[in-house]
Amino acid sequence: MDEFNINILSWIGGREENQDSSGSRETKHGLLVVVCDGMGGTKGGSIASKLAVETILEEVANTNHANTAEILREAITKANSVVYHAGCTRQDLQGMGTTVVALLINENKATAAHVGDSRIYQVRGSKKIFRTFDHSMVFELVKRGTISEEQARLSAQSNVILRAIGTKPEVEIEINEEIHYLKGDRFLLCSDGIWGAVNEKEMLKLIKNEKSVERTVEHIMETIDTIGTGTGGKHDNLTAALIETNINSKIQPETGNRIKIIISILSILLFISICLNIWRFIFH
Amino acid sequence: MNKPIFTAEKVNLVSDKGERFTYYHSEQFYIGGGAMGEVYKGWYANNPEQKVAIKKVHARHAENKSIRERAKFEASLFIVHPNLIKMLGYCESDQTKGPVYIISELIRGETIDKFAKRIESARRVVPVSKMMCSILDALHCLHTRTICHRDVKPSNIMVDHMGNAKLMDLGIATADGISFGTLNQGFGTYPYAPPEQITGARDDVNHLSDIYSLGVTFYELLTGFNPFYSRIEIETVERQITMPLPYNKFIPRPLFKVLLKATAKKKSDRYQSAEDFKKAVIKANKGGGVNWLVIVLGILVIILLIFLVMIYINS
Ligand SMILES: Nc1ncnc2c1ncn2[C@@H]1O[C@H](COP(=O)(O)OP(=O)(O)OP(=O)(O)O)[C@@H](O)[C@H]1O
Ligand SMILES: [Mg+2]
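Residue numbers (the numbering used here), protein chains in the order written: chain X, 1 to 284; chain V, 285 to 599.
Hints may be right or wrong, so weigh each one.
[To be verified] Quick list of in silico lysine-lysine cross-link-like pairs, BS3-like style, CA-CA up to 30 angstroms:
| no. | chain 1 | residue 1 | chain 2 | residue 2 |
| --- | --- | --- | --- | --- |
| 1 | V | LYS550 | X | LYS143 |
| 2 | X | LYS234 | V | LYS401 |
| 3 | V | LYS381 | X | LYS168 |
Worth flagging that the hints you see were computed from the coordinates, not collected in a lab.
Keep in mind it's a predicted model, so treat the numbers as computed, not measured.
Go ahead and model the full structure; you've got the sequences and the hints to work with.
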């Protein structure tokens, strides 16, 4: 039995071209999954995202690093310079760029990295365990408490991002190094064509494990494409990669157990005190 | 803005109306540049004395279909109004790719912020108000034709050598395509953008957004600074959503109240038309209210003094 099940789909939506790219690869560091959402020019967007995905898959497969965070950092930095230089050499590719979201998962833990507004969600049942926070203007406003997340999603400026791969010689990458998981957890990597179409609650419902991984991704795509068609049919490209774990990660949060012990002790104390009070009430 | 790399070549253009224009892609004829493109001084090929302004849309935008359409739309607007720049035509060598040029009348003058800066702060109210009223006329003219400008700001208003204010650049800078999945390139419009342009859905932006932007522009021209601007862009955006217009001593109270209303965060709290905004400006400025009071009081005091003097003389 495999440790992870995975399925990836990428659809064009209502656009003339699919500028999203995605890919996955078994490496000696674990299973690597990458989703990129390109932007710029007529051809630039799709070229940028393809270049980024290819570079990251190659780099991670061939590196000798052991630290998963460093592996992802190095690979994405490389992808940035590859896309940046490609953009500098051809006038029609000038200014092209792409978002990136990457997950490197092995039996120990998962490591996530992202730049821009493509996302990762980790879901247990229909509960959200982890998510990435977009590098976008509206999300910055959400963090500051100026607007709500739902307002951000519906804003016309929701796709103005503050960081991207390939638009500058250097890039700042956000990495979540140690993500623990339990058997049956699901990780969804997706472009904004997916999360932009439904609110978070609906999203979590779509991800939850009622159906097989295969079927779930198909269902997500069909649902979102239908919404897009129903609202004018000019909707964004949509890409979803779903990974389901068949094991518990070897590294598990320790604090979790400690909290459980503390809560148990507290509830025992509470129980005793209630009993004592009832006893006093009855006998005095 | 970085200056473009000049090739010094002579460029010959034929507009959609079949007219021929010429300019040199050189520093000598370069006027300025913004988010959308570079502006050059050019002329009618058959009459070099008749000058025009030629805006070459940036290559990276020219590839964008919706921006192309928008540029075409802008150039096709044939609205004659003394305070609106006159559009002369649109040039492209190919319908879908290659450079795009927008031809308009050449305005001999300067942008309104430069004009205002040359006047002492305390004396700006009258001339600036007069020009803002002209721009409100122009906006009203656009709005009655259900066109929104969407990019009202000082650099899009010029004052010609006759002292006439003219509104330029019909909002191609906020064409759908630019903010579409793009990296934020600091288009420099946030300091004038109403909240709905940031948090609203696409169709939340309407003529009331122009009212807001003009309110901010007005304030900046009087005080010399943009009230919402911060070097940290996200702070600018946050201020547009939450911060009311701060009071400034260079703006008379009644006029400040008008600007406060024009820049209300909620669209329904603003003036509902450019005409109403203009009327309120005129009323606020006429308001010699305070001066009349001083004059009446002064006269009373003088009469009183005369009385006292007469009583003194009589006694
Ligand atoms: N028709 C014109 N006549 C004379 N000068 C002009 C004309 N159009 C533009 N200019 C000058 O060229 C400069 C650049 O104009 P442009 O519209 O490209 O940039 P901007 O207004 O700064 O930004 P944006 O692209 O957002 O409108 C203006 O500031 C103005 O001084
Ligand atoms: Mg302009």
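Going straight from one Cα to the other, do LYS381/V and LYS168/X come out at no more than 30 angstroms?
The hint holds at about 26 angstroms.
Exercise. Given the hint that LYS234/X pairs with LYS401/V, test it: the Cα-Cα distance must not exceed 30 angstroms.
Key: violated, 46 angstroms
Against the 30 angstroms threshold, does the CA-CA distance of LYS550/V and LYS143/X hold or violate the hint? Roughly 22 angstroms between the alpha carbons, so the hint for LYS550/V and LYS143/X holds.
In the structure shown, a violation is registered for the earlier hint numbered 2 alone.
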